[in-house]
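Let chain A serve as the given structure and place chain B on it in line with the hints.
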Amino acid sequence: MTSSSPARTRSWGWIPVILLSLVIGAGLALGATTTNTFGLSNLLTFIYVALCAATALVVRRVTAQPGNWLGRRRVRRVVVLLVVLSCLLMVALPADGLGGTVLLLLLFLALCNVVLARATAQVAVSLPRPLDERQGSLRDRGYRLAYWLLAGIAGLLALVTYFAGSGARAWLGTALVSGPFIAFVVLAICLPTMIVAWIEPDQVMPAPPETRSHVWAVRVAAVMVATSLLVPLLAAIGVEVIPAQATQLKRYSSPAPKGSGCATLRRTTEIGFWFEARFVLDTEVCWNGHRARYLYGMNRSDCMASDWVLVSISTSQCVRRTKSNGTVEFNYTAWIHPDVLSFLARRLRVSVAVDRNGKVERTK
Amino acid sequence: MTGRSPRWMSWPRLLVVAMVLVWCLLASPVPTSLRGSGAVLVAFLVATGVVLGQNSQWRVWRRTSQLDERERQARDNAYRLAFRAMGIGIFVLVVTASIADALHGQTRGPLAFADGPRYLIAALLLFGLLPTVILTWPEARSPAESPSSTPSGRLSGISAAMRPALAGLLVLGVWGAALWLVPAGTVRAIVVPSPNLSMSGGTCGAVQISRQLGDGLGAALNISTNICWNGRHAWDGDRSLGPAGKYPFPPVEGNPPTCSLGIDSSDFEPISSESCTEEHYPSGELRIVAQARVSSGIDGWLSRTIRASIAITAKGKVLKGD
Numbered sequence: 001m002t003s004s005s006p007a008r009t010r011s012w013g014w015i016p017v018i019l020l021s022l023v024i025g026a027g028l029a030l031g032a033t034t035t036n037t038f039g040l041s042n043l044l045t046f047i048y049v050a051l052c053a054a055t056a057l058v059v060r061r062v063t064a065q066p067g068n069w070l071g072r073r074r075v076r077r078v079v080v081l082l083v084v085l086s087c088l089l090m091v092a093l094p095a096d097g098l099g100g101t102v103l104l105l106l107l108f109l110a111l112c113n114v115v116l117a118r119a120t121a122q123v124a125v126s127l128p129r130p131l132d133e134r135q136g137s138l139r140d141r142g143y144r145l146a147y148w149l150l151a152g153i154a155g156l157l158a159l160v161t162y163f164a165g166s167g168a169r170a171w172l173g174t175a176l177v178s179g180p181f182i183a184f185v186v187l188a189i190c191l192p193t194m195i196v197a198w199i200e201p202d203q204v205m206p207a208p209p210e211t212r213s214h215v216w217a218v219r220v221a222a223v224m225v226a227t228s229l230l231v232p233l234l235a236a237i238g239v240e241v242i243p244a245q246a247t248q249l250k251r252y253s254s255p256a257p258k259g260s261g262c263a264t265l266r267r268t269t270e271i272g273f274w275f276e277a278r279f280v281l282d283t284e285v286c287w288n289g290h291r292a293r294y295l296y297g298m299n300r301s302d303c304m305a306s307d308w309v310l311v312s313i314s315t316s317q318c319v320r321r322t323k324s325n326g327t328v329e330f331n332y333t334a335w336i337h338p339d340v341l342s343f344l345a346r347r348l349r350v351s352v353a354v355d356r357n358g359k360v361e362r363t364k
Numbered sequence: 001m002t003g004r005s006p007r008w009m010s011w012p013r014l015l016v017v018a019m020v021l022v023w024c025l026l027a028s029p030v031p032t033s034l035r036g037s038g039a040v041l042v043a044f045l046v047a048t049g050v051v052l053g054q055n056s057q058w059r060v061w062r063r064t065s066q067l068d069e070r071e072r073q074a075r076d077n078a079y080r081l082a083f084r085a086m087g088i089g090i091f092v093l094v095v096t097a098s099i100a101d102a103l104h105g106q107t108r109g110p111l112a113f114a115d116g117p118r119y120l121i122a123a124l125l126l127f128g129l130l131p132t133v134i135l136t137w138p139e140a141r142s143p144a145e146s147p148s149s150t151p152s153g154r155l156s157g158i159s160a161a162m163r164p165a166l167a168g169l170l171v172l173g174v175w176g177a178a179l180w181l182v183p184a185g186t187v188r189a190i191v192v193p194s195p196n197l198s199m200s201g202g203t204c205g206a207v208q209i210s211r212q213l214g215d216g217l218g219a220a221l222n223i224s225t226n227i228c229w230n231g232r233h234a235w236d237g238d239r240s241l242g243p244a245g246k247y248p249f250p251p252v253e254g255n256p257p258t259c260s261l262g263i264d265s266s267d268f269e270p271i272s273s274e275s276c277t278e279e280h281y282p283s284g285e286l287r288i289v290a291q292a293r294v295s296s297g298i299d300g301w302l303s304r305t306i307r308a309s310i311a312i313t314a315k316g317k318v319l320k321g322d
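Taken in order, these protein sequences are the chains called A and B.
Sequential numbering of the first sequence, starting at 1, is according to my numbering.
Sequential numbering of the second sequence, starting at 1, is according to my numbering.
Bear in mind the hints are in silico, worked out from the structure with no lab data behind them.
Note that this is a predicted model, so its numbers are computed, not measured.
Built from N, CA and C at the ideal position, the CB exists for glycine as well.
The reader is advised that the hints may include incorrect statements.
Only part of the chain B face toward chain A is listed, based on derived beta-carbon distances under 10 Å [what the hints assert, rightly or not]: (1) Asp76; (2) Arg80; (3) Arg84; (4) Gly87; (5) Ile90; (6) Val92; (7) Ala112; (8) Phe113; (9) Asp115; (10) Leu126; (11) Gly128; (12) Leu130; (13) Trp137; (14) Leu217.
Footprint (simulated), chain B over chain A, 3 or more residues, beta carbon under 8 Å [as the list claims (entries may be wrong)]: (15) 143-149; (16) 154-163.
Isolated chain A (complex conformation):
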């Protein structure tokens, strides 16, 4: 006996997947479009979002048996607890300290969701196949419990924060644009699967034999999941290991008063691929044989990256000084942290020194 027939029941389960992908994509694109000079990085970001959406759709379409290990209730419950802990961590994170940690948590939650979907044979999502009576009953119970659990949590939270005073309301207002809201969205997508994984007993029935095409579909889905999870991690590691790409220092003469000279100096340094930052040294310096002086490009406001995508930058040194021998020098040092694996850091130094005769003494 089947509890639902896909021929008669239209599946709307892909809507939250698309919505989540759009939200993540918008967030990534927002971070990626700090300026529009990183055309390739923006393109890579949107390709990645499309890959995530395609992966989610493929994974939802491909059913796989949980296997001996994921068939155990204890293992499934551990994964469910990990998801709950990740959501609690997201709630506890300070609103201004999100960034890379949230992206990492989202990747982890995506992985857990894939594991849970496999562990429950995807009974909690609409599938292009009928469910048997036991699976249908599990899915329906999962949705009923998920509805009242999520409604209860959200309703209780709204009530308590409303009557607890203005401080609690301010927290809820902040929560709606930070980690707690992301946790709510995650639960709004994954909670039925989590509940099914929690309540389903140990599976002792042997898995039915799989067809060759199904085995290939499972492999393709696994490769797509692995790619979706690994690509951001590799890009983050790339910030640390890919050598910096710096152009040659370009020097353009510019009009100068009689007896002196002026030149514009330009140099671009890029760190990372996709997760990347670009620094442009663009300064004009004049000299008169006694001392060199800058016209622009060596101020504190110049101590910043010109573009960055999915990295955060912290300045550690920003110094301009004129030596006693008339040389003017500018040193800018910064640490670049990828938004994923933000404990990684790459040190970058931009430095230039021009002596009193207009000779560039050093540059980095």
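Relative to chain A, chain B alone:
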């Protein structure tokens, strides 16, 4: 069990449409104030929810063992849809609260959702009614067509037809009783010096006084007025000083001068008979006393007067509020 397809314009479907429209009015950013009609809207939604619950034989709330296979399948489909719709509903509420906040000229964004009792009530009603509403739509039958085997024809002597009305009245009654019993909150008063309000020889500022009943779920007396002070007197900023810098309107026995008021109507309880008077003391102190009558919405039944007063010294300091 009949296999008839549902009629498009059956009574339950009309009720569902009406509920959706009323809920949208409750959650909508426009109008920015429900002017006291919110409690009636909530009572309507609860009453119609009871009608739909009876029509569906309360299947959403019943145990699986009490349902046959078709009923169980319909209920479970409703829960699956309701789970998805709930997330969308919350998102819609946050967005509409932010829009309403912007229409008020503020930029609190999502904080407006957390701070607005209207959205809190809309969210709670959404959670409570959504499965029943969704269950009703695909298999709507008018009550007359409902199976005669309805297990709850009478309950404790109350007929099924009376229960929705009683539920609505109960909501209004509990709301009104709470309004009557809950102590009024403390008076909050702030004086904001304003460079746009100037008067020769004096300093002016805007005074905002508020007192709430039931933390915004009851009523709120919000008063905005302008005052000036010059070290010798404090006076209504919308008047001018008389000769020699004295207050021009000395208090008249039995005919106190009225102050200019701006009272925001509450969403859930109507405010009427508002008044504001000024009292001047020899020390130069100005006392503003405002009061309003709050009724529960049923022809003044369970009405209550709330009062807020503050005193402002001749140096512009808020002295006390009660």
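Hints and how they fare:
Evaluation of the B/Asp76 hint against chain A yields a held restraint, the C-beta minimum of about 4 Å falling below 10 Å. This hint holds: B/Arg80 has a C-beta 5 Å from the nearest C-beta of chain A, less than the 10 Å allowed. Interface restraint check for B/Arg84: the shortest CB-CB distance to chain A comes to about 7 Å, inside 10 Å, so the restraint holds. With a least beta-carbon distance of about 4 Å to chain A, the hint placing B/Gly87 at the interface is held under the 10 Å criterion.
Interface restraint check: B/Ile90 against chain A, minimum CB-CB distance 7 Å, threshold 10 Å, status holds. The beta carbon of B/Val92 is not positioned within 10 Å of any beta carbon in chain A (closest approach about 13 Å), and the interface hint is therefore violated. With a least beta-carbon distance of about 8 Å to chain A, the hint placing B/Ala112 at the interface is held under the 10 Å criterion. The restraint placing B/Phe113 at the interface with chain A holds, with a minimum CB-CB distance near 6 Å, inside the 10 Å limit.
Look at B/Asp115: its Cβ gets to within about 5 Å of chain A, closer than 10 Å, so that hint holds up. Given hint, B/Leu126 at the interface with chain A, holds; its Cβ is 8 Å from that chain's nearest Cβ, closer than 10 Å. For the restraint placing B/Gly128 at the interface with chain A, the shortest Cβ-Cβ distance is roughly 8 Å, inside the 10 Å limit, so the hint holds. Taken as an interface hint, B/Leu130 checks out: its beta carbon lies about 8 Å from the nearest beta carbon of chain A, inside 10 Å.
A least Cβ separation of about 15 Å between B/Trp137 and chain A goes past the 10 Å threshold, and the interface hint is therefore violated. Nearest Cβ of chain A to the Cβ of B/Leu217: about 9 Å, under the 10 Å cut. The hint holds. With 4 residues having a beta carbon nearer than 8 Å to a beta carbon of chain B, the stretch 143-149 of chain A meets the requirement of three or more and the stated coverage holds. Check on the stretch 154-163 of chain A: 7 of its residues sit with their Cβ under 8 Å from a Cβ of chain B, so the three-residue criterion for coverage holds.
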